[in-house]
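Asker: Numbering follows this note's numbering, in which position 237 of the sequence shown is assigned residue number 235; successive positions increment by one, without gaps.
Any given hint might turn out to be false.
Label-pair restraints from in silico Cβ distances [unchecked claim]:
hint: 1; residue 1: 374; residue 2: 9; range: 33 to 39 angstroms
hint: 2; residue 1: 189; residue 2: 71; range: 55 to 61 angstroms
hint: 3; residue 1: 251; residue 2: 157; range: 42 to 48 angstroms
hint: 4; residue 1: 350; residue 2: 258; range: 47 to 53 angstroms
hint: 5; residue 1: 232; residue 2: 374; range: 19 to 25 angstroms
hint: 6; residue 1: 316; residue 2: 232; range: 53 to 59 angstroms
hint: 7; residue 1: 392; residue 2: 350; range: 21 to 27 angstroms
hint: 8; residue 1: 376; residue 2: 289; range: 41 to 47 angstroms
hint: 9; residue 1: 329; residue 2: 212; range: 18 to 24 angstroms
hint: 10; residue 1: 247; residue 2: 214; range: 21 to 27 angstroms
Below are the SDA-like pairs computed for lysine to any residue, each with C-alpha atoms no more than 25 angstroms apart in a straight line [claimed, not checked]:
hint: 11; residue 1: 68; residue 2: 312
hint: 12; residue 1: 364; residue 2: 412
hint: 13; residue 1: 167; residue 2: 116
hint: 14; residue 1: 68; residue 2: 119
hint: 15; residue 1: 364; residue 2: 338
hint: 16; residue 1: 364; residue 2: 154
hint: 17; residue 1: 68; residue 2: 91
hint: 18; residue 1: 364; residue 2: 116
hint: 19; residue 1: 68; residue 2: 116
hint: 20; residue 1: 68; residue 2: 327
hint: 21; residue 1: 167; residue 2: 119
hint: 22; residue 1: 364; residue 2: 289
No wet-lab data here; the hints were simulated from the structure. For every residue, glycine included, the Cβ atom is placed at its ideal position computed from N, Cα and C.
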Amino acid sequence: MTTEAGLPGTTPAFDAVATAVRADLPILRPDGGPPLVYLDSAATSLTPEPVIDAITGYYRDVGASVHRGKHMLSDIASTRFEQVRAQVATEVGGGTRQVAFVPNTTAALNTVAAGLPLDRGDLVLAPLDVHHSNLLPWRARATVRMIPLTPEATPDLGAYAELLRLRPKVVAVSACSNVTGRFAPAEEMARMAHEAGALFVLDAAQSAPHGRIRLAATGADYAAFSAHKMLGPTGIGILYGRLAELAPSVLGGGTVDWVDLAGHRLRDEPHHLEPGTPHVAGVYGLGATLDYLRGLGWDAVAAHDATLTRLLYEEIARRPYLRPLGGPGHRDRAAIASLRLPPGADVDEVARMLSDSYRVMCRSGKLCAQPMVDGDGDGRPVLRISAYVYTTPEELGIAFAALDEVLTVTGVPLG
């Protein structure tokens, strides 16, 4: 169908979301050359001006650290810092003492793995599609067994049930794969883990940006996400969960209430997990990010993503020479697709040509999920296309037309 705005396969509500966000992104404004098409949002999203203003406003008007004395500027910063913590708690469906500020999702997952009393004899289960950040911290401290995937690249619940008979201590899952875009059945997997006596740890870095930020509803004991994948700044992430049960892996300023020559007393959660001077500007930016997304409407963000996902996989289906990891079809996916290119295509060179000749920004590589990408025996890197709230159908069309041309001029057969 064609809508009032002239975009194929969309609705006026869809168009309104993209138009509103694009107006706040200077990098996407016309500059006289070909349009910039940014399709690497699963790595890092673009940042709108209201979020940038909040970050620069902190540096310009406040500048002080938090919880470091009683002067006016520190009090202003501390108040806003804790206000944002309360915002996050509301969004995830938990309490403020369940929310810690960390540098990113990787740091959060490492904090959990290091903070639990694990040893090499303990078992951790993780599906084959987990990000390295939700695999390597567990492998460093315990024994990891991989949960196989179905042909659609979702965790095989039958195999998972059998592995739970081994009584693992932890189950670590990606809520949404950064490779296939498939959403895991997190609530069911959490319930099954708890019935087996295991903790459930959820990497929500890819799910939270797409309107699935209600972490408490998943049943996760611990969950994490990063601001930079959802219009926010880099260097700030969230760890949610049973924080009082985690031992801090880093000690120093900010983590203690009292130190004398005989010992020290830790601060209560979540502060015992927030060492050193925090990224205060990042927290200001995170607060503005949540305000911005709430202004768009979480339901509108999720609906926009669902439409983009359908359009993305329709473009792929028109090209039988492209093979998406996780199979065809857009159901229960985020707007992420990792593509096997035809034999003979140099994936890194294709990505470079898309960027330099067409201003189309995609990701090439093994996506910090090498066991998953290598799982079908191909061994080559993939080309990932990932869209977000500012992406339009025209941009998807531009990207795939450019990909057709690049493969053709490099002599890759498309038949």
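Asker: Evaluate each hint against the coordinates.
Answerer: Hints, verified against the model:
1. 374 x 9: 33 to 39 angstroms: holds, 36 angstroms
2. 189 x 71: 55 to 61 angstroms: Distance hint for residue 189, residue 71 is violated at roughly 47 angstroms.
3. 251 x 157: 42 to 48 angstroms: holds, 46 angstroms
4. 350 x 258: 47 to 53 angstroms: Cβ of residue 350 to Cβ of residue 258: about 58 angstroms, so the range 47 to 53 angstroms is violated.
5. 232 x 374: 19 to 25 angstroms: violated, 32 angstroms
6. 316 x 232: 53 to 59 angstroms: The hint (53 to 59 angstroms, Cβ to Cβ) is violated, given that residue 316 and residue 232 are roughly 35 angstroms apart.
7. 392 x 350: 21 to 27 angstroms: Distance hint for residue 392, residue 350 holds at roughly 23 angstroms.
8. 376 x 289: 41 to 47 angstroms: Check passed, 43 angstroms falls within 41 to 47 angstroms.
9. 329 x 212: 18 to 24 angstroms: Between residue 329 and residue 212, where Cβ atoms are some 21 angstroms apart, the hint holds.
10. 247 x 214: 21 to 27 angstroms: holds, 24 angstroms
11. 68 x 312: violated, 58 angstroms
12. 364 x 412: holds, 23 angstroms
13. 167 x 116: The given pair, whose Cα atoms are some 8 angstroms apart, holds under the 25 angstroms limit.
14. 68 x 119: violated, 48 angstroms
15. 364 x 338: holds, 11 angstroms
16. 364 x 154: holds, 22 angstroms
17. 68 x 91: With Cα atoms ~31 angstroms apart, residue 68 and residue 91 exceed 25 angstroms; violated.
18. 364 x 116: With a Cα-Cα distance of about 29 angstroms, the restraint between residue 364 and residue 116 is violated, given a limit of 25 angstroms.
19. 68 x 116: Outside the cut-off at roughly 40 angstroms; violated.
20. 68 x 327: Roughly 57 angstroms between the alpha carbons, so the hint for residue 68 and residue 327 is violated.
21. 167 x 119: At roughly 10 angstroms apart (the allowed maximum being 25 angstroms), residue 119 and residue 167 satisfy the hint.
22. 364 x 289: violated, 34 angstroms
Consistency note: the structure conflicts with the earlier hints numbered 2, 4, 5, 6, 11, 14, 17, 18, 19, 20, 22.
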